[in-house]
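In the UniProt record's numbering, the protein residues as written are 1 to 79.
Note that these hints are calculated values from the structure, not bench results. Note that this is a predicted model, so its numbers are computed, not measured. Just to be clear, a hint being listed does not mean it is correct.
BS3-like cross-link-like pairs, simulated, lysine-lysine; straight-line CA separation at most 27 angstroms [to be verified]:
| # | residue 1 | residue 2 |
| --- | --- | --- |
| 1 | Lys-79 | Lys-68 |
| 2 | Lys-37 | Lys-68 |
| 3 | Lys-68 | Lys-52 |
| 4 | Lys-79 | Lys-37 |
| 5 | Lys-37 | Lys-52 |
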Amino acid sequence: MKGHVMATGNLRAGRPSATRAPQSIEDMMSDSSGRTKRIQVNVDADLHRRFKEYAVRNETAMQDLLIKHIHQLLEDEQK
């Protein structure tokens with residue numbers, strides 16, 4: 001490519017390097033605190049439809065319900 005320079009110095013594949021030591025849970029948590037992270041879950045079509053209908057009936061978003069239940073699970077674990 002004439003006139004085009006590719007920078008290859010800091011490319012990362014998004015997976016652990018064989019030369020890096022594994023991180024502890026504490027290290028991983030400190031790296032991600034304060035940032036929004038995405039959780040992806042695959043469910044069958046019927047479960048998705050039923051959950052979406054539930055959210056609509058309760059005038060809320062599916063995402064809000066999931067976040068609420070994640071918080072509840074973590075609170076229950078601490079009891």
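Handout entry: Pair hint outcome, Lys-79 versus Lys-37 [Cα-Cα no greater than 27 angstroms]
Key = Within the cut-off at roughly 26 angstroms; holds.
Handout entry: Restraint check for Lys-37 with Lys-68, where alpha carbons must lie at most 27 angstroms apart
Key = Measuring from Cα to Cα gives roughly 16 angstroms; hence the hint holds.
Practice task
For the pair supplied as a hint, Lys-79 and Lys-68, confirm whether the alpha-carbon distance does not exceed 27 angstroms.
Solution key: This hinted pair holds, its Cα atoms lying about 17 angstroms apart.
Problem - Distance restraint between Lys-37 and Lys-52, which requires alpha-carbon spacing of 27 angstroms or less - result: 22 angstroms, holds
Handout entry: Holds or violated: Lys-68 to Lys-52, with C-alpha atoms at most 27 angstroms apart
Key = 15 angstroms, holds
The earlier numbered hints are all upheld by this structure, with none contradicted.
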